[in-house]
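A.B. asks: Protein chains in written order, with the numbering used here: chain A, 96 to 564; chain B, 96 to 564; chain C, 96 to 564.
So, partial list: chain B residues that the calculated Cβ filter (under 7 Å) puts toward chain C: (1) T431; (2) T457; (3) S460; (4) P465; (5) T496; (6) S502; (7) V541.
Straight-line alpha carbon distances no greater than 27 Å define the calculated DSSO-like cross-link-like pairs of lysine-lysine that follow: (8) A:K445 x B:K196; (9) B:K252 x B:K125; (10) A:K445 x B:K179; (11) C:K445 x A:K179; (12) C:K196 x B:K551.
Hint data in this document are derived by calculation from the structure and do not stem from the laboratory.
All of these numbers come straight from a predicted model, not from anything done at the bench.
Don't be surprised by glycine CBs; every beta carbon is placed ideally from N, CA and C.
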Amino acid sequence: MSQSLTHPDRLLPSDPGMRRIARSLLESVKDLPILSPHGHVDAAVIAENSSFPDPAALLVSPDHYVVRLIHASGVPLSRLTPAKGGTEGADSRSIWREFCKAWPLFDGTASGHWLRDQFQFVFGLKGIPSVESADAIYDELSAKLQEEDFRPRQLFKDFNIEVLATTDDPLDSLSSHKALAEDPTFHGRVLPTFRPDAYMNIAHPSWKENVERLLSAAGQVDNGYKGYIHALESRRRYFIDHGAVSADHGVRTPATLKLTESEATRLFELARSGTFTTAERDAFEAHMLYQMGRMSVEDGLVMTVHPGSFRNHHQPSFEAFGPDTGHDIPFAVNYTESIRPLLQDFGTAKDFHLVLFTLDETVFSRELAPLAGFYPSVYLGAPWWFLDAPDAMQRFRSAVTETAGFSRFSGFIDDTRAFCSIPARHEASRRVEASFLARMVAEHRVSEERAHEIMKDTVDTSPRRVFKL
Amino acid sequence: MSQSLTHPDRLLPSDPGMRRIARSLLESVKDLPILSPHGHVDAAVIAENSSFPDPAALLVSPDHYVVRLIHASGVPLSRLTPAKGGTEGADSRSIWREFCKAWPLFDGTASGHWLRDQFQFVFGLKGIPSVESADAIYDELSAKLQEEDFRPRQLFKDFNIEVLATTDDPLDSLSSHKALAEDPTFHGRVLPTFRPDAYMNIAHPSWKENVERLLSAAGQVDNGYKGYIHALESRRRYFIDHGAVSADHGVRTPATLKLTESEATRLFELARSGTFTTAERDAFEAHMLYQMGRMSVEDGLVMTVHPGSFRNHHQPSFEAFGPDTGHDIPFAVNYTESIRPLLQDFGTAKDFHLVLFTLDETVFSRELAPLAGFYPSVYLGAPWWFLDAPDAMQRFRSAVTETAGFSRFSGFIDDTRAFCSIPARHEASRRVEASFLARMVAEHRVSEERAHEIMKDTVDTSPRRVFKL
Amino acid sequence: MSQSLTHPDRLLPSDPGMRRIARSLLESVKDLPILSPHGHVDAAVIAENSSFPDPAALLVSPDHYVVRLIHASGVPLSRLTPAKGGTEGADSRSIWREFCKAWPLFDGTASGHWLRDQFQFVFGLKGIPSVESADAIYDELSAKLQEEDFRPRQLFKDFNIEVLATTDDPLDSLSSHKALAEDPTFHGRVLPTFRPDAYMNIAHPSWKENVERLLSAAGQVDNGYKGYIHALESRRRYFIDHGAVSADHGVRTPATLKLTESEATRLFELARSGTFTTAERDAFEAHMLYQMGRMSVEDGLVMTVHPGSFRNHHQPSFEAFGPDTGHDIPFAVNYTESIRPLLQDFGTAKDFHLVLFTLDETVFSRELAPLAGFYPSVYLGAPWWFLDAPDAMQRFRSAVTETAGFSRFSGFIDDTRAFCSIPARHEASRRVEASFLARMVAEHRVSEERAHEIMKDTVDTSPRRVFKL
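Chain A extracted, bound-state conformation:
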């Protein structure tokens, strides 16, 4: 454990002139709280406040960024996943050993950076993991995880999180969110997010069953298309009543389309019968994304769109280990034509906020910055998933800022289920923003005074405003 985990100037530019400015910008926001308006932490973890399980279950198995790269190196998923139900699996210590052995794979990756930050600042480790140190670190972490100071609520406070949004099934009771909101001893805000993909994607194997449950949960008598729409509206209202500020859409493509009610009804009935063409599926899904926009205009939920991932690319791994096991692979998307039907009708609608994300960097300068630079409703989503990394974030900034400025950015989102990585992710984002702004200042493109204002807007004011926090 000879190498240190982190350096105070990590991710800052090498050029001394820029580094000085970047340090100053970073310092200026160090006390601002974490706002996390989109992520995947389970609200029950905070509500129940149980100790985290062992180090592998906390830090390795659920993190598909981490699992995927170890898998690529030749370790089967069965040695990285705990056994459950009928699937093969491994015990926690073995998984941890695989992870420590694989440590060098993460050099230069975003995951490597987040892990080092967590290890040093959350868990107080002193050196890097290795085959030799694996067991000792496992024991040290296991012991820490039993301490009161490492319970979720204490960490929530220590991390200086003000708002944490979760991502939830439309039929979730939101009881954990309710419990937290009503608990006078808990001072953070844990907000649900409405995520209706499984109720809109008619090719999903359980769509029909999902819709039955949806109609039933919403108490709809009309079980046709109209009832379906009303049920979605009703569940959105339920989410809003429990603090939700946004609805999230993990679609294949950002296609939108306004069908007539009769055509929508026809496709809805086809979908329930299970017999539809690919074109009909595409049309219905595009129509439903349009409908979600229409509902957002009416009920005020911020609409976020996350398209362009080929989910579960490797069928055998999906069958053996389920979804989110590291083989969702991006593909090319376009926004200009596909999002247009929605923007035609709602692009200038009052208080409509539409945050667009992409895994395809080519749309940053070509489509997203031009769209966000005209439509008052459109905001630039933070670099997402594979692009949530220092160089990719710099490319994003370089690609969008010259067209859309800084004001059209919706702020960083961590998008993570790895609770303990949240501070590291926000810290990385702040360091990258400070570095970009430092270059703008050093190249005399933005004044140092304005850079400080922009830094604060980026970290604090913009996400509050765009996500209506």
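Assemble chains B and C onto chain A, guided by the hints.
C.D. replies: Just chains B and C now, with coordinates in the frame of chain A:
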């Protein structure tokens, strides 16, 4: 007005070694005149030499880069556009106040840079606009615009413009160009550019009427396809006789196609009847782009192609405020297959110059540099529109130079209707070119001596050669 | 000849902090041998060890990177190509003069860099070529090429090449490879590579004839689809027996598809009859690429895929001067969907190595890094062809490393037929890798100790492992 507008080292690299070289390169071209072979200034403005109207009408409303970002911040177009005809609108001072209030939106954008340069070097302002200073600046600028020194011809001289190309309708009489050419007191060159889009795009609502006017203006007896082609050739000749050096094509895609004369005739007649399929429209337009290439080979006009913009993306804004109001949005294009029919026949034709532009950066390294690196006719157009900005220009240079070198570049174009921004735009381009070359020198990839030669070629020799000035 | 050819710090970063680190990384690998697992040198050149012909035939005419840019400047191919058969052509000294005159065109290009390195370090020239120095340099080089020290085998040794893979027709006898392997006086390894494109691409004009020859060479009695597959398997075995470690596939697209044997048989027979649709051609080629993967799983040959080039874009040049004359132009590709059928079945197959290349940079971050970051079989191919240049390599590193780390890289390939440029190309790659790593170290993202390990892995360990050397 505490912050200064510009810094002598703006847009130059932070690294001290590179900055020294960049300064020296920039200094070496400071007396070279502005060559502007593609833009949208109205020749009548120079010919008539009237005082410019008020500051808002000069600097805000006609600049869709500026209007769009203020609109995105939530200001309706009606508060940014002067009333005219039946449309809503605002008075100049109100528009100016919106602009000054919106000033911080432009930090980090290309527009912000150009505005600061103009304010300091054209108008001699001392600080940045703000809500507080809006009226005072408005009054100061209004007074200046009445001075003789701020008439277009004096500015033309002060800006050290040698050549300014306009963009004109094929039926334009070019009387302003003629007047300027014949005026012994005016020493610049103001050249027309032939832009026949509205006569080639058969889906344009007024195409049929345009063609009638075209045939009539060219005195064509034959009013069929052959007459149409001859009329276009005839108008090109008229432009050449009035000093034109290029023909510009703002097409949806760069598709080209050589139809037989009988097939072209059939589609032309279909177009006139108003009944054609999308495929027939695409075929005819691709054929006409090919024909424009053929004519350029014959008459020597440089052919410039500007594809890939979805014009008037937001229909309600278009209906209320017309075109060029900030919602033209780029989309993906390809050149390799689409431009091939034209290059098959004319790619090595003597003295044929074809300058290719794109809003889709992905084609820079993938298609444009390889095409320009083989075909003697093909030149790289400057980074255009949303890409005419410091970082985007650096990306362009990085993407094309390693394949195509510096010799295949056609030089900077400002593409602007904002006359007073012309020096700022050329200055920005020179600073970026100097910065890129400074990096090449500092990394020992180009000698400092050659960098000076390349700098001069880029700013002066190349545009003269490629645009046949 | 006043300008010097190269600088010791060429291609290293300007920032002094980074440069120091980069120098140290570069120094640490300076004695490691060249491993060239993919290239186009003719094995007979090494086997026969004849003197190279004149300077133009060695350095100009066969290098389509060089020829293309001179051609773009207006020099016809007939003045850059030696006469042969019925084609027009020029004598060597004239070609050399054209090249020297064109020297400034190569400033800033990858070719320019390689040429300068070769001239200084292989041939010991003292200054840059020019019109004035052309004849003197020609004479100096001609004389050197007659010396024993400039014979291929001595250069092979001086270049410190350990492994050089060639690219060969499946029916090649591999006699030169055999001769070299059996020669006790030759200590390098010259390995054949199986490249079956002309036997898989059924639209190739000589496909039918090629298949006849293939069946005959493999001694197949069954001359149907099964025999065809067996013949390919048999020739692969022949290559393996002669030292081959990989099979290379220069396909239009990376589409893969698993047809049933009966469907494959049907398409094979259609292909032989010469009547098939485009869709049938695409299906058969995609099926055959899948079959090549299946064979690689079985016989262990590393599978490399080079898609996305529109070959011989300018038909008239192709007809007059043949292929590889500088007008192969890239186009957009996608891997996520197209490579999936292959990865479904073989993505986790034991010891299957699949190295994916692209000329379309957009797939680096979007598709290739995510694929290589999950599938143990998938490795990132080095930036290829137009992308084998310093800035493009930096973009590659930036695009892939944050997702896939350093371990999924297959190492540099020079892909060249220009034997004397091999050291320059590997040196350039090492300098770029050192520069990227130096930035990682300077930004405290990778420790200096680990950077040294990664440098060695990149240059030596990874290519040995991935290409099974």
